[in-house]
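Chains A and B, in that order, give the protein sequences.
Using the numbering used here, you'd call the opening residue of the first sequence number 181 and step up by one each time.
Using the numbering used here, you'd call the opening residue of the second sequence number 181 and step up by one each time.
I should point out that these hints are in silico values taken from the structure, not numbers from a laboratory.
Hints are not guaranteed to be accurate.
Same chains, same names: a pair is fine if it fits in one copy or spans any two.
Unchecked claim - Think about it this way: if two alpha-carbon atoms lie no more than 20 Å apart in a straight line, the pair counts; the simulated SDA-like pairs of lysine to any residue are:
| id | residue 1 | residue 2 |
| --- | --- | --- |
| 1 | Lys477 | Leu487 |
| 2 | Lys283 | Leu310 |
| 3 | Lys292 | Ser315 |
| 4 | Lys236 | Ile184 |
| 5 | Lys283 | Gly269 |
Remember, it's a predicted structure, so these values are computed and weren't measured experimentally.
Number of protein chains: 2
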Amino acid sequence: MVTIRDVAKKAGVSVATVSRVLNNKGYSHEDTRKLVNEAIKELNYKPNEVARSLFKKKSRLIGLLLPDIRNPFFPELARGVEDEMQEQGLHLIIGNADEKPKKEIDYIETFKQNNVIGIISATNQAETELYEDLSIPVVFLDRITNNHPSVYADGLDGGKKAAREIIKRGSKRIALLRGPIEVRTAQDRFKGAVDELCNANVDFQVITSSFSFHDAEKVAKTLFEKFPETDGIIASNDLSAAAILHEALRIGRSIPDDLQIIGYDDIPLSKLLFPPLSTIRQPAYDMGREAAKLLMKIIEKQPLEQLNIQMPVTFIERQTTRKVEKND
Amino acid sequence: MVTIRDVAKKAGVSVATVSRVLNNKGYSHEDTRKLVNEAIKELNYKPNEVARSLFKKKSRLIGLLLPDIRNPFFPELARGVEDEMQEQGLHLIIGNADEKPKKEIDYIETFKQNNVIGIISATNQAETELYEDLSIPVVFLDRITNNHPSVYADGLDGGKKAAREIIKRGSKRIALLRGPIEVRTAQDRFKGAVDELCNANVDFQVITSSFSFHDAEKVAKTLFEKFPETDGIIASNDLSAAAILHEALRIGRSIPDDLQIIGYDDIPLSKLLFPPLSTIRQPAYDMGREAAKLLMKIIEKQPLEQLNIQMPVTFIERQTTRKVEKND
DNA sequence: CTCTTATGTGTAACCGGTTACACATATAGT
DNA sequence: ACTATATGTGTAACCGGTTACACATAAGAG
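Using the sequences plus the hints, can you model the full thing?
Here's what the structure looks like:
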């Protein structure tokens with residue numbers, strides 16, 4: 181392994197000089213710089229991040245904690261975070277907590293032990309305790325907290341939009357899927373939808389479910405058994421929506437004529453479903469980027485205009501909802 | 181930050197003793213161990229991985245490089261790798277190369293600089309050059325190489341199975357999707373399918389496409405325009421299959437009566453499509469675990485029974501293929 | 001009772017960077 | 001000519017672990 185001392189010897193200078201050239205810090209003579217850079221190139225020297233990190237107590241790594249890497253929404257967040265970080269010369273340790281608190285704790289510890297410079301957490305635990313007395317900056321992503329920096333989409337509005345759009349298109353007996361209670365964003369979209377539904381002349385049912393694949397299928401089955409007269413479904417995310425769409429078609433419901441479905445998230449696969457899924461789009465990629473930017477600001481101790489960044493959601497009209505009737 | 185010296189002071193011993201107790205190495209007296217462990221607990225001491233890594237030139241991190249985190253096949257691999265590693269007390273740096281060689285190079289560098297103890301690479305570059313003179317053990321995953329350890333599924337057999345099953349079920353004019361040429365596993369399944377198709381009394385078309393979402397949609401459109409008489413499609417992966425299924429339904433083809441489709445991978449969403457997608461299953465999670473095990477063996481310099489582990493693939497019969505006619 | 005071996009512990013060097021500080025020289029200001 | 005300041009470089013301490021080695025004591029062998 182080539183070390184800074186090898187470079188120093190080759191260039192005929194001290195390690196301090198090499199370090200200064202390397203980091204553009206302090207003074208260094210033009211000629212020396214050239215000498216050092218040549219030596220670096222010739223030896224193909226790459227500084228050891230670990231040594232650097234040990235002294236500075238700061239690595240160039242960011243910890244990103246996801247609740248469930250299988251849900252396509254999260255990889256999309258990750259891409260946003262990663263692209264932004266890459267531009268800053270930083271890299272990601274992605275941890276998958278698999279919705280298990282133990283794994284989350286483990287990863288936070290790993291992050292600390294490896295001197296990550298900041299953490300972005302998208303897990304779905306209600307408590308932020310784990311993060312309370314961390315000396316590392318943390319940004320919560322797709323998660324709402326009062327006293328911590330966070331980036332999330334406007335769940336209240338999302339829920340409202342979903343309800344409004346499905347009502348506007350004529351559903352009268354609506355099933356509203358409620359995501360896990362501990363996930364605040366899920367509750368927001370739920371509340372938003374409830375608000376709208378209450379104000380409208382429609383009946384509705386609430387069904388609680390988790391966000392996982394497995395649960396989605398079960399819920400879909402029971403939904404149609406218990407509430408066969410349902411003519412509109414507001415799903416808690418696209419995964420459940422896919423499962424419901426699947427089950428609805430299986431039992432011969434006609435979509436969207438007989439039953440409308442609105443998803444939530446707009447994962448890449450949603451438009452490949454048939455019929456393509458109408459959904460409330462969360463700008464996952466951009467949320468990732470924003471979270472990364474926010475974290476960078478905190479790390480660099482720049483003043484923050486806002487601690488919490490709320491991103492807009494949009495209704496993506498595809499074909500699990502009917503065309504709205506023109507009445508103008 | 182609590183350091184080993186703090187612990188030593190509190191326990192009234194030297195740092196060497198603390199280190200020995202910590203790692204169960206060398207001798208240490210029962211009483212001393214108790215003392216040290218108490219001090220550790222009281223101070224809530226966690227060893228600094230970075231310092232450890234600097235001296236040992238080995239971290240407890242594994243680098244996992246994925247070509248495209250959005251393709252659900254890869255997160256599934258990642259889960260397998262992660263679960264196995266977790267049991268070994270190791271952690272993952274997941275890098276998303278986004279199919280870009282530059283990112284791949286970058287990540288390999290990051291992995292090196294952070295003293296990862298091993299690398300698992302699932303990228304789709306043909307050349308293994310980048311990995312040639314790395315001093316770090318590398319295992320290739322979902323990738324076939326001759327002179328490097330690797331774990332992959334039996335593409336040849338997968339292709340054959342797909343062809344055989346679709347032929348058995350009566351398709352006569354088959355479109356065969358060929359994945360990216362540089363991806364060896366894609367070529368294998370392609371070749372396997374070609375083999376079978378040639379031996380059968382059917383016509384077939386070859387169409388080349390990438391593995392990405394975007395491409396999948398385009399290919400689906402052109403496929404039906406150029407070859408409207410197609411009555412069976414062997415897709416290069418489930419993503420393309422989903423896109424094709426979608427397009428087929430859009431233009432009013434009846435699945436599976438009029439047109440059969442077989443996917444490849446069996447990603448979690450495949451069974452949520454409608455009709456649920458018949459596909460060739462690659463045991464992604466298990467592949468991940470095997471790759472992790474193999475890497476561990478190499479790291480621990482255990483003898484390897486085999487350098488390359490080939491995993492079996494299975495045909496998952498769902499409903500984009502017809503029931504096979506009983507003729508017994 | 002002495003010699004060997006096993007057990008237990010501390011000192012200090014080391015890993016590969018960074019940086020405070022000392023020192024030397026050049027340049028500018030008065 | 002004489003400071004004051006800017007520029008350029010080297011020495012060595014430091015980050016927080018690990019471990020080779022020295023040393024001390026206890027136990028076992030003959």
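The hints, checked one at a time:
1. Lys477 / Leu487: Result: close within a single copy only, 11 Å intra versus 47 Å inter.
2. Lys283 / Leu310: Intra 12 Å, inter 32 Å, cutoff 20 Å: intra-copy only.
3. Lys292 / Ser315: So lysine 292 and serine 315 pass the 20 Å test inside one copy only (9 Å; across, 27 Å).
4. Lys236 / Ile184: both (16 Å within a copy, 18 Å between copies)
5. Lys283 / Gly269: between (27 Å within a copy, 12 Å between copies)
Consistency with the previously given hints is maintained throughout, with no hint failing.
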